[in-house]
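J.: Below are the chains, spelled out letter by letter.
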Amino acid sequence: MPINEYSDGEDMSIDAAPATNSLAGVASAHANARQPGNAPLGSGLEARGIHAWFGKHLALENVSLDFASGTVTALIGPSGCGKSTFIRTLNRMHEFIPSAAMAGEVLLDGQDIYSKGMDVTKIRLQIGMVFQKPNPFPSMTIGENVLSGLKLAQLKVENKDELMQECLERAGLWAEVKDRLGAHAGGLSGGQQQRLCIARALAVKPKVLLMDEPCSALDPGSTLRIEDTIGQLAQTMTIIIVTHNMQQAARVSDYTAFFLSDGGPGNMIEVGPTNEIFSRPRDQRTENYVSGRFG
Amino acid sequence: MSATISQRPVPPAAREITTKPRTSDRIFRGVVTGFGMASLAILTLIGLFLALRGFQTFKHEGLHFLTGVKWESVTSDSGKVTTDFGVGAMLIGTVLIACVALVVGVPLSVLSALYLSFYVPERLKKLLVSVVDLMAAFPSILYGLWGFFILMPMVEYWAKLLYKYLRWIPIFDAPQPFFERSPFVAGIVLAIMIIPIVTSVSREIFAQTPLDRVQAAYALGATRWAMIKTVVLPFGSSGIVGGAMLGLGRAFGETVAVFSVLNIVFKVNFHILYGTGGNIASMIILKWGEATGDETKALLAAGFILFVLTLLVNMLANFIVRRTLKSGK
Numbered sequence: 007m008p009i010n011e012y013s014d015g016e017d018m019s020i021d022a023a024p025a026t027n028s029l030a031g032v033a034s035a036h037a038n039a040r041q042p043g044n045a046p047l048g049s050g051l052e053a054r055g056i057h058a059w060f061g062k063h064l065a066l067e068n069v070s071l072d073f074a075s076g077t078v079t080a081l082i083g084p085s086g087c088g089k090s091t092f093i094r095t096l097n098r099m100h101e102f103i104p105s106a107a108m109a110g111e112v113l114l115d116g117q118d119i120y121s122k123g124m125d126v127t128k129i130r131l132q133i134g135m136v137f138q139k140p141n142p143f144p145s146m147t148i149g150e151n152v153l154s155g156l157k158l159a160q161l162k163v164e165n166k167d168e169l170m171q172e173c174l175e176r177a178g179l180w181a182e183v184k185d186r187l188g189a190h191a192g193g194l195s196g197g198q199q200q201r202l203c204i205a206r207a208l209a210v211k212p213k214v215l216l217m218d219e220p221c222s223a224l225d226p227g228s229t230l231r232i233e234d235t236i237g238q239l240a241q242t243m244t245i246i247i248v249t250h251n252m253q254q255a256a257r258v259s260d261y262t263a264f265f266l267s268d269g270g271p272g273n274m275i276e277v278g279p280t281n282e283i284f285s286r287p288r289d290q291r292t293e294n295y296v297s298g299r300f301g
Numbered sequence: 004m005s006a007t008i009s010q011r012p013v014p015p016a017a018r019e020i021t022t023k024p025r026t027s028d029r030i031f032r033g034v035v036t037g038f039g040m041a042s043l044a045i046l047t048l049i050g051l052f053l054a055l056r057g058f059q060t061f062k063h064e065g066l067h068f069l070t071g072v073k074w075e076s077v078t079s080d081s082g083k084v085t086t087d088f089g090v091g092a093m094l095i096g097t098v099l100i101a102c103v104a105l106v107v108g109v110p111l112s113v114l115s116a117l118y119l120s121f122y123v124p125e126r127l128k129k130l131l132v133s134v135v136d137l138m139a140a141f142p143s144i145l146y147g148l149w150g151f152f153i154l155m156p157m158v159e160y161w162a163k164l165l166y167k168y169l170r171w172i173p174i175f176d177a178p179q180p181f182f183e184r185s186p187f188v189a190g191i192v193l194a195i196m197i198i199p200i201v202t203s204v205s206r207e208i209f210a211q212t213p214l215d216r217v218q219a220a221y222a223l224g225a226t227r228w229a230m231i232k233t234v235v236l237p238f239g240s241s242g243i244v245g246g247a248m249l250g251l252g253r254a255f256g257e258t259v260a261v262f263s264v265l266n267i268v269f270k271v272n273f274h275i276l277y278g279t280g281g282n283i284a285s286m287i288i289l290k291w292g293e294a295t296g297d298e299t300k301a302l303l304a305a306g307f308i309l310f311v312l313t314l315l316v317n318m319l320a321n322f323i324v325r326r327t328l329k330s331g332k
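Here the protein sequences come in this chain order: L and C.
Here the first sequence stands for residues 7 to 301, numbered as in the working numbering.
Here the second sequence stands for residues 4 to 332, numbered as in the working numbering.
This is chain C alone, in the form it adopts within the complex:
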């Protein structure tokens, strides 16, 4: 019975294909593997360090650490120390300020990337591109100082306008008409700081727009704007999201610029125009100098929260980029 079946020749087992790399190749491979893994190792070690050092705080405060809005350490007359640490207000501030930065910064970046890719005269292009790149390398304290002295008075005026005409939208309302050093100002300073990186990433992706699609659009009688809308933006959307997320990462972590313009108060504030707020990074720098014991641990725990938040945002960005890549191209 099996004889009829086995008349077909049995294929041989697949061979194992190997190659013996040269020593020089192996050494080089080892070196690049080492450096490649180093970034992963460093990131993991930082995360572990923050988590371990902050562990006591997490254990002590529990979920309250995320939701609590106070940051207090009180020593009673009997010498007993009671602590109440919560990053809730700062967490909300972090997200709020970063959102303001994205809402203001990303459209400006995309427009400037479109200008640099499709409209700028050839001679001006090199200059502008290097200026934008220079902006990315600029120390953030200088943005902070400039924001404090020059931008803030102007933004205060814009804030008054927004308050006057758009108060009916909750986020533009304020408990008191106090608009100095608000999350709005911090967000705009951050917007200016993320513009270079988002512009740069968008410009790179726009430059890769397939020429045949661009030509197809022009040959169908498209104006330049219609071509951009139909060909460039759909092609570049994932790149724009990627750039925005890089910007968001910077906006989350930015310390000095926010510290120098924002009125850091431990209070939940959803009103972006109202001069109260803070973000985790600026809170850490504010409290670090005078912190001892439990508070130091709590600050490291807050750092861990920031670490996780940034990781989550980056993962989300990756997910979005990959999904848009799949659906379109």
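Chain L with its partners taken away, still in its complex shape:
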């Protein structure tokens, strides 16, 4: 169903909620154990009964997941299982594709980001995104790239240089670029460009950061640096990361959700604390996947 007629779809998500809530509840319970309250910028995100279509094709069926503030959740699963589609519904990048439609709710601080009258640009300011391929703006300098979000969203900031340095430091890039902030971003290596994209996403101070396979185009060394960065960032925000790399999921995340498609639409099979998903998953399919028997 088209996104702008979304409100009619509410019934669907309520019907569907009980079936998956037990799984989502696990994440919430363990989130409390990790005491996420010390996350000043962090905020919880809840997805309820998410369905996603491309044209008539149902790509994702009834996914409900809670993301407690200050936690890192990894979304794993084989290609085509809908995990990228799912993450794109969380900041309304899904509707960017012309024929795309969705049903369900995504609650940020308890408010549905798809409700009528929501300003989609404000939502994307609060829920930032880092993409698979590093995509800095090539016509801008490194410094301009970091601050580009402010320009794009027409935000005013008191001390730009301070913010630039802070974001680059948090993204783990400051030491490498501090002497060439005026150089064009195209001259950086792939890993540096990706950290620049992270810095750029941080500059608008999002509460949630979505990362769609942020390391899949990078070499192992750069991957490690980005994983470090994720660990640092998780202290102050909620992070959701899609990854094909199970070791990465195990290294960086507190919670892991396993997605799978049996040829039809993608489903979420299981979610839980990362060490449990990898050591004693409850579903046989999850075990097959994390033990490397398929995928």
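None of these hints come from the bench; they were simulated from the model.
Hints are supplied without guarantee of correctness; some may be wrong.
On the chain C side, residues computed to face chain L include the following (Cβ under 7 Å) [as the list claims (entries may be wrong)]:
#1 Ala-219
#2 Gly-224
#3 Ala-229
#4 Pro-237
From chain C, some residues computed to sit far from chain L (all C-beta separations above 12 Å) [what the hints assert, rightly or not]:
#5 Ser-27
#6 Phe-31
#7 Leu-51
#8 Arg-56
#9 Thr-86
#10 Gln-179
#11 Leu-303
For each residue, glycine too, the CB sits at the ideal point set by N, CA and C.
Starting from the known structure of chain L, arrange chain C on it as the hints suggest.
T.: Just chain C, lined up with the frame of chain L:
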């Protein structure tokens, strides 16, 4: 002494790598080479033809041919013919009219290309794109007639407004309040004629904007306009310049449309609102029918000037496009 150095094995000389193409490949290569070179050959031959035929005029008039503003051939009572040919006024008119066309036409084209690329409803898009393409193929005499009967009265009114309020800017001033058939009208007709080609080229380049940059902008909370300003326009700037230069080429060379709306007078006129002017192409068509002897040669020489002007503009365009490509992408 050399023995110690020569212990390293000397690398062999590089081999010559060749391949023998099949006959069919060679034939095809010959055919496409021939057609590819044909355009270059034709262009060169036209240039040579104009230069050779106009040579006498250049020799006779000298630099005066470029700066002179008269176009006269007087036969005295004794039968002696004195000529005074200069394209100065027409050269200025050519550039002036083309500039009006660009200033009016390019912003409109870019806006319409942005609409067609990012705002138009999918169902309307095909229709509008084909209409714009059709506009490019429309015969120029029809623009000229339409400009004369419909556009001119309206433009005359705009000209009066501009004259009334912006007279203090020299180009909007006029020696007399005579606004019919001015370079301004001709420029606006030309603007409408170049809109399709500039729109088309801009739209093509906007469509190639890398999707990941577009997504990056949206994901940072950009509005559509902010995204266009930050991503699409910097990426497409060279394409816009290229399109504008193609438009400029057409504006320089346009004959019929200008001929039908402009009051062609051999006089230097920088006042775009004032009904006096001309461009080289329309001058040639005006004088061609009655020209004989020296005047014919002079007209061909004027054609050569137009040829060179167009070449220069295209070279400049290439230079700009290449430089913007290098600095940005």
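J.: Against this structure, judge whether each hint is valid.
T.: Hints, verified against the model:
{"no.": "1", "hint": "Ala-219", "in the structure": "holds (4 Å)"}
{"no.": "2", "hint": "Gly-224", "in the structure": "holds (4 Å)"}
{"no.": "3", "hint": "Ala-229", "in the structure": "holds (5 Å)"}
{"no.": "4", "hint": "Pro-237", "in the structure": "holds (4 Å)"}
{"no.": "5", "hint": "Ser-27", "in the structure": "holds (42 Å)"}
{"no.": "6", "hint": "Phe-31", "in the structure": "holds (39 Å)"}
{"no.": "7", "hint": "Leu-51", "in the structure": "holds (43 Å)"}
{"no.": "8", "hint": "Arg-56", "in the structure": "holds (48 Å)"}
{"no.": "9", "hint": "Thr-86", "in the structure": "holds (55 Å)"}
{"no.": "10", "hint": "Gln-179", "in the structure": "holds (49 Å)"}
{"no.": "11", "hint": "Leu-303", "in the structure": "holds (46 Å)"}
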